[in-house]
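Turn these sequences into a full structure, and let the hints guide you.
One line per chain: the protein sequences are A and B, in this order. Heads up, the first sequence is in the numbering used here, so the first residue is 12 and it goes up one at a time. Heads up, the second sequence is in the numbering used here, so the first residue is 2 and it goes up one at a time.
Since the hints were made in silico from the structure, they are not lab data. Be a bit skeptical, because a hint or two may be false.
As the list claims (entries may be wrong) - Label pairs and their computed distance ranges (CB to CB):
no., chain 1, residue 1, chain 2, residue 2, range
1, A, I54, B, I107, 19 to 29 Å
2, A, R212, B, V69, 52 to 62 Å
3, B, G33, A, E225, 38 to 48 Å
Ideal placement from N, C-alpha and C gives every residue a C-beta, glycine not left out.
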Amino acid sequence: MSKAGPSQASIFLNGLWKENPVFVQVLGMCPVLAVTNSVRNAIAMGLSTMFVLVMSSTLVSLVRNIVPKQVRIATYILIISTFVTIVDYVIKAVSIPVYKALGPFIALIVVNCIILGRAEAFASKNSVYRSILDAFGMGIGFSFALLCLGAVREILGAGTFLGVPLFGPYFEPWIIFLLPSGGFFTLGAWLLAFSLWKERRTRKATLAAEHAQELAS
Amino acid sequence: MNSASLSFIFIDSLLINNLVLAVFLGICPFLGVSGKLETATRMGGAVIFVMLVSSTLTFGINRLLIAVDAEYLRIIAYIVVIASTVQLVEMFIKKTSPALFRALGIYLPLITTNCAILGVAMFQTFREYSFIQSLVFSIGSGLGFALALVIMSGIREQLNLADVPNVAKGTAIALMVAGILSMAFMGFAGLGSN
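Quick look at the structure:
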């Protein structure tokens, strides 16, 4: 990337919205579907992924000029798995219920394509500061997506939010949303909503452009 | 030590807790290469093979790590083992069976990033399976992955002929199909309660 690259704010916002890792790039699907059956798990997973993403992006960016090209992927994977091990032990120490709920999926952060993808596509080519910004943006975007899914699934599937009951005793929970197929449906619905919104916006833009052209002629 | 019977582990990993449709592992290849039946079959074959080899190796590695009291190295060791296994398997197949190598093609290296492989290794460690149990578990999981992939690709080949609204094309409709498929697999849950 040249010196006249995107501004700092746009790097940060890129991951948050325009290139949201889940809704736009459709990366890292496994944890997105597997651990979003409650808001608490979704937040824990989002934060852990963000930590690993930020730390590994920082380190990858620091060593980007030292590591030979041939072994770079192996180096990235080693760096990432080191931080994942740290997260694994921290979660175990902080909260056993969360550790039990996330289970092997903490270890699977290693193979989350978002992290390796950002290391290869951004951190290996940019300065430390920019890489951290990018990692934060992507991490928050990822957590946001997890939260979107987790909220829908917990509210509809259990009638609670973060364990607090939302509806009266007459609410019949939709168990299907807590089950695996509910994960597929919820993510599919979110993707549908996003592409619908995008299509409407482009249609509006083209309509406005046509209108402007008509006025000009 | 886990004392589940071998046949139960097999059925459980193949159908009841299908890797893709119930545990959500290997979603990326599941959505990525399920467009055509032929590629799906090959990918499934490659995954079954690598899964078997890597789960055997990781079982040994885990024993070794426990023996030297270095369990904190587990994640790092596993990922390195899997990456090099894929590489070794690739070279081995290229040497011994060029026909199979051509058939698997690009799918072999792609498996390194398949979280199903690492997932199976982690699950067998988590559940403290014995060696034979791990073998059965990995075969069942691999077959389950291939099964889900083949079914999905069959459906998607038909879906190409259907009139899908523009906004739903691609991933969104694939996820909906996967959801229905996963619901169908929930029917197998009854097999588990004896």
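Going down the list of hints, with the structure as the test:
no., hint, result
1, A/I54 / B/I107: 19 to 29 Å, "37 Å, violated"
2, A/R212 / B/V69: 52 to 62 Å, "58 Å, holds"
3, B/G33 / A/E225: 38 to 48 Å, "44 Å, holds"
Hint check: a violation occurs at hint 1 only; the rest are consistent with the structure.
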